[in-house]
Amino acid sequence: MNLTIKDVSKHYGKKRALHQLNLELDKGVWGFLGPNGAGKSTMMKILATIDQPTEGTVTWNGVDIVKHPLALRSELGYLPQDFGVYPNLNAIEFLEYMAAIKGLPMKQARKRIDELLELLNLTNDAKRMIGGYSGGMKQRVGIAQALLNDPQLLIVDEPTVGLDPTERIRFRNLLSQIGKDRIIILSTHIVSDVETIANQIILIRQGSLIANAKPETLLEMLAYKVWECVIPAEELDSLQKNFIVSHAVHRSDGLLVRVVSDEPPAPDAENVPASLEDVYLYYTMN
Amino acid sequence: MNTFTIIRTEMLRQIRSYPFMITLALIIFMGYALVPTSDAGYTILHTGGVRGIYNSAWLSAMATVASATLLWLFGFYLLRSNISTDRQLNIGTLIVPSPYRNGQYLFTKALSNWLLLLMMHLALIFAFMVMQLVRRESVIINVWDYFAPFLFVIVPSFAVLAALTILFDVIPGLKGALGNFIYFFLWAALGAFSLEKYTWADVMGVQFIFSAIIADAKQHVPLADESFGFGYNEIGKLQTFVWDGITWTPDIIQSRLTWFIWAIGLFAVALLIFRRNSLLNRHAPAESKPGNPAVKPLLQQELTPGTMALSPLQGEKRYELIPHIRVELKLISKDFPRWWYIVTLLLIAGSLFLPYNELKDWMGLLLVWPIALWSQMATREKRYRMTALVTSSGPPLLQTLSIWIAGLLATFALGIGVTLNTIMAGDWDFLLSWVVGMCFVPTLALLSGVISGTKKVFEVIYLLLWYMGPMQYESALDFYGLHLTSKLTWFYFLCTVVLLATALFLKKKQANA
Numbered sequence: 001m002n003l004t005i006k007d008v009s010k011h012y013g014k015k016r017a018l019h020q021l022n023l024e025l026d027k028g029v030w031g032f033l034g035p036n037g038a039g040k041s042t043m044m045k046i047l048a049t050i051d052q053p054t055e056g057t058v059t060w061n062g063v064d065i066v067k068h069p070l071a072l073r074s075e076l077g078y079l080p081q082d083f084g085v086y087p088n089l090n091a092i093e094f095l096e097y098m099a100a101i102k103g104l105p106m107k108q109a110r111k112r113i114d115e116l117l118e119l120l121n122l123t124n125d126a127k128r129m130i131g132g133y134s135g136g137m138k139q140r141v142g143i144a145q146a147l148l149n150d151p152q153l154l155i156v157d158e159p160t161v162g163l164d165p166t167e168r169i170r171f172r173n174l175l176s177q178i179g180k181d182r183i184i185i186l187s188t189h190i191v192s193d194v195e196t197i198a199n200q201i202i203l204i205r206q207g208s209l210i211a212n213a214k215p216e217t218l219l220e221m222l223a224y225k226v227w228e229c230v231i232p233a234e235e236l237d238s239l240q241k242n243f244i245v246s247h248a249v250h251r252s253d254g255l256l257v258r259v260v261s262d263e264p265p266a267p268d269a270e271n272v273p274a275s276l277e278d279v280y281l282y283y284t285m286n
Numbered sequence: 001m002n003t004f005t006i007i008r009t010e011m012l013r014q015i016r017s018y019p020f021m022i023t024l025a026l027i028i029f030m031g032y033a034l035v036p037t038s039d040a041g042y043t044i045l046h047t048g049g050v051r052g053i054y055n056s057a058w059l060s061a062m063a064t065v066a067s068a069t070l071l072w073l074f075g076f077y078l079l080r081s082n083i084s085t086d087r088q089l090n091i092g093t094l095i096v097p098s099p100y101r102n103g104q105y106l107f108t109k110a111l112s113n114w115l116l117l118l119m120m121h122l123a124l125i126f127a128f129m130v131m132q133l134v135r136r137e138s139v140i141i142n143v144w145d146y147f148a149p150f151l152f153v154i155v156p157s158f159a160v161l162a163a164l165t166i167l168f169d170v171i172p173g174l175k176g177a178l179g180n181f182i183y184f185f186l187w188a189a190l191g192a193f194s195l196e197k198y199t200w201a202d203v204m205g206v207q208f209i210f211s212a213i214i215a216d217a218k219q220h221v222p223l224a225d226e227s228f229g230f231g232y233n234e235i236g237k238l239q240t241f242v243w244d245g246i247t248w249t250p251d252i253i254q255s256r257l258t259w260f261i262w263a264i265g266l267f268a269v270a271l272l273i274f275r276r277n278s279l280l281n282r283h284a285p286a287e288s289k290p291g292n293p294a295v296k297p298l299l300q301q302e303l304t305p306g307t308m309a310l311s312p313l314q315g316e317k318r319y320e321l322i323p324h325i326r327v328e329l330k331l332i333s334k335d336f337p338r339w340w341y342i343v344t345l346l347l348i349a350g351s352l353f354l355p356y357n358e359l360k361d362w363m364g365l366l367l368v369w370p371i372a373l374w375s376q377m378a379t380r381e382k383r384y385r386m387t388a389l390v391t392s393s394g395p396p397l398l399q400t401l402s403i404w405i406a407g408l409l410a411t412f413a414l415g416i417g418v419t420l421n422t423i424m425a426g427d428w429d430f431l432l433s434w435v436v437g438m439c440f441v442p443t444l445a446l447l448s449g450v451i452s453g454t455k456k457v458f459e460v461i462y463l464l465l466w467y468m469g470p471m472q473y474e475s476a477l478d479f480y481g482l483h484l485t486s487k488l489t490w491f492y493f494l495c496t497v498v499l500l501a502t503a504l505f506l507k508k509k510q511a512n513a
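Chains as they are written, first to last, in the working numbering: chain A, 1 to 286; chain B, 1 to 513.
It should be emphasised that the hints constitute simulated quantities derived from the structure, not laboratory data. It cannot be assumed that every hint is accurate.
[To be verified] No more than 35 Å apart at the CA atoms, straight line, and that leaves these computed lysine-lysine pairs for DSBU-like: (1) B:K330 / A:K15; (2) A:K138 / A:K67; (3) A:K127 / B:K334; (4) A:K127 / B:K175; (5) B:K197 / B:K360; (6) B:K175 / A:K15; (7) A:K14 / B:K508; (8) A:K6 / A:K107; (9) A:K67 / A:K107; (10) B:K175 / A:K138; (11) A:K138 / B:K360; (12) A:K138 / B:K197; (13) A:K241 / A:K214; (14) A:K107 / A:K15; (15) B:K508 / A:K138; (16) B:K237 / A:K15; (17) B:K509 / A:K138; (18) A:K15 / A:K67; (19) B:K175 / A:K14; (20) B:K509 / B:K237; (21) B:K382 / A:K127; (22) A:K127 / B:K456; (23) A:K14 / B:K382; (24) A:K127 / B:K509; (25) A:K67 / B:K330; (26) B:K334 / A:K15; (27) A:K138 / A:K107; (28) A:K138 / B:K334; (29) A:K27 / A:K138; (30) B:K509 / A:K14; (31) B:K456 / A:K138; (32) B:K456 / B:K360.
Keep in mind the model is a prediction, meaning the values are calculated, not measured.
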């Protein structure tokens, strides 16, 4: 099982969305991190065969999916960032429709739908029209349809939008459990979504790849680059002009600030262990 | 099995929609209205001044003609945007990356449309069966008499119609108002050719049914003439005869079933034109840009509670009509491409410089050209899923009023050529009815938009009004007073007031719901 992205670029007119991306993905959870507009969703759309690169190739198990999208589609589960549902169908009817579209045998699909509704905590609302669902419930229906065909490649674009903290944790756990024997691509700008479950993190900024490493490697790369110090509140403005300030907390003796920087921001600054959020800020703001 | 599931789902979501329920209710009402008592003073099926008794054969023929005529119009508009809906609802994002093939996708859409049309016809047949028992001119229900025309006329005819619903939904230029307009003329032309006995155009089967009736009627009763038609006719007492229906020979059946070839052909064209990616809402993604250094970081602002202001602009919040109207006009102006404006300017110039005595003869296009402008009134929020944002941002009455005034101003701007030409000619009677007409149309559009939230409802209603009134001289529907010179001016003025009041009332009710 292998997904290869080779020299992929994407342009919309003069606008550059992706630039010369090269990646080789195998089993596991891959976290695509980047700020809004970095090109993550464009990349997801190309991988999901609903968009084509301007240059480069994407192959699934050696088959070019731009030329032969069907080679991937039967093994693909895709949760787009923005998707719609038929409001006057209930969740079961909608998922049956999606199962039929994906070509699943209906008997098997019905069993799978029941399992997924249970797994995603939708059983009690399964017979209500989706038009009356909350944003989080619609999102869970979207997750269910992505998992219907037991996909070998699962692409989830900003999957936790609208989910409450409990559902978010439940979803992360689900991805961790199923991520061992398939490729899962999780695209997000929410660092906490990927830091607990991703085996590998890919950082994108302005359409270019800026890092592709295991979380622990990224953290190691930032060792001795995260600092904490206490400063007077009025000095924050000048500190922010020169450094990346990731966090600030009021204390009786001033402001405790957390700074991501190659150099200590103040003589008394203490070096502290880095978090993935620090990594994200370091690579996307520098 | 999968095809069955998909078609069932497609049908379920149509059946559960309000427009379908309304259409079905109208069909059942039609069953009642189209079978008047013998002393009702009117008839719907006009065949040489006689009519058959209400037996199964006659009522089945009526059902076939009624379905063919009306469902070919309303059924089309009801089902014509099945594919566009997938794009608008953003379901295309889920369908495109699935292994579902283009042919399968279009086929299930066409098939479900076809089945829905047939279902509506079956509802009409059922209503006619009930009416047969109610009118009691013949109490024997002959099932074959009802179903033979269904099988040999309606089934192939609706296959063509279903293929057309798909074709008009995949050709890029025909998905909106232009497609509705073109189809309306296609329907009118097919109906007219069919009634004029052009067999090659008789896809609806109207001419086929009427010819069979006339041929049999001649054997039984003397006919006033051999004309036929479908529509409201005031009559005195009609002579009746017993019509036993059509004798279905293999040749007749074969000739009707050949329409399936047309259906397949139209479907094949649709399949060739269809592009899978047209199901996606395409827009180039925004590129991330570095932040503005002049903006103070939020982090710092959070640290000084009570001092944070999102905007340096301070002032009392006031809702005013004129800024609302201004933005509505701006939104209208963004809806159309440049070529639309060029044609509009040519039409305005033409209506200004034409000799006044020829003006009304050339006004047809000007009266229908802005249909897309009117039909978007009060539908934009629903179409772009802005309802929650707009409703929560200001008083609904002010918003609705500003949409109406903006629509009115745009209409007056489009009609300026006619207005000035009429003033120069000193035709004050027509000027008054023209101005009232210009107020009536956007008000009707506003109410249609408020009630339905879709453009289609107004487009269908207006096309019918425009065709029957200003174009076909149906006196009661001449809302611009083109042919009656203001006889109905005050009636349409009153209608405008009532429509506006209803629209405002309903909008307020919707906002409070």
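Here is how each hint holds up against the structure:
| no. | hint | verdict |
| --- | --- | --- |
| 1 | B:K330 / A:K15 | holds, 27 Å |
| 2 | A:K138 / A:K67 | holds, 33 Å |
| 3 | A:K127 / B:K334 | violated, 41 Å |
| 4 | A:K127 / B:K175 | holds, 33 Å |
| 5 | B:K197 / B:K360 | holds, 32 Å |
| 6 | B:K175 / A:K15 | holds, 29 Å |
| 7 | A:K14 / B:K508 | violated, 46 Å |
| 8 | A:K6 / A:K107 | violated, 39 Å |
| 9 | A:K67 / A:K107 | holds, 32 Å |
| 10 | B:K175 / A:K138 | holds, 28 Å |
| 11 | A:K138 / B:K360 | violated, 54 Å |
| 12 | A:K138 / B:K197 | violated, 55 Å |
| 13 | A:K241 / A:K214 | holds, 31 Å |
| 14 | A:K107 / A:K15 | violated, 47 Å |
| 15 | B:K508 / A:K138 | holds, 29 Å |
| 16 | B:K237 / A:K15 | violated, 75 Å |
| 17 | B:K509 / A:K138 | holds, 27 Å |
| 18 | A:K15 / A:K67 | holds, 24 Å |
| 19 | B:K175 / A:K14 | holds, 29 Å |
| 20 | B:K509 / B:K237 | violated, 48 Å |
| 21 | B:K382 / A:K127 | holds, 25 Å |
| 22 | A:K127 / B:K456 | holds, 30 Å |
| 23 | A:K14 / B:K382 | holds, 32 Å |
| 24 | A:K127 / B:K509 | holds, 29 Å |
| 25 | A:K67 / B:K330 | violated, 43 Å |
| 26 | B:K334 / A:K15 | holds, 23 Å |
| 27 | A:K138 / A:K107 | holds, 24 Å |
| 28 | A:K138 / B:K334 | holds, 32 Å |
| 29 | A:K27 / A:K138 | holds, 28 Å |
| 30 | B:K509 / A:K14 | violated, 47 Å |
| 31 | B:K456 / A:K138 | holds, 28 Å |
| 32 | B:K456 / B:K360 | holds, 27 Å |
This entry does not satisfy hints 3, 7, 8, 11, 12, 14, 16, 20, 25 and 30, going by the numbered hints stated previously.
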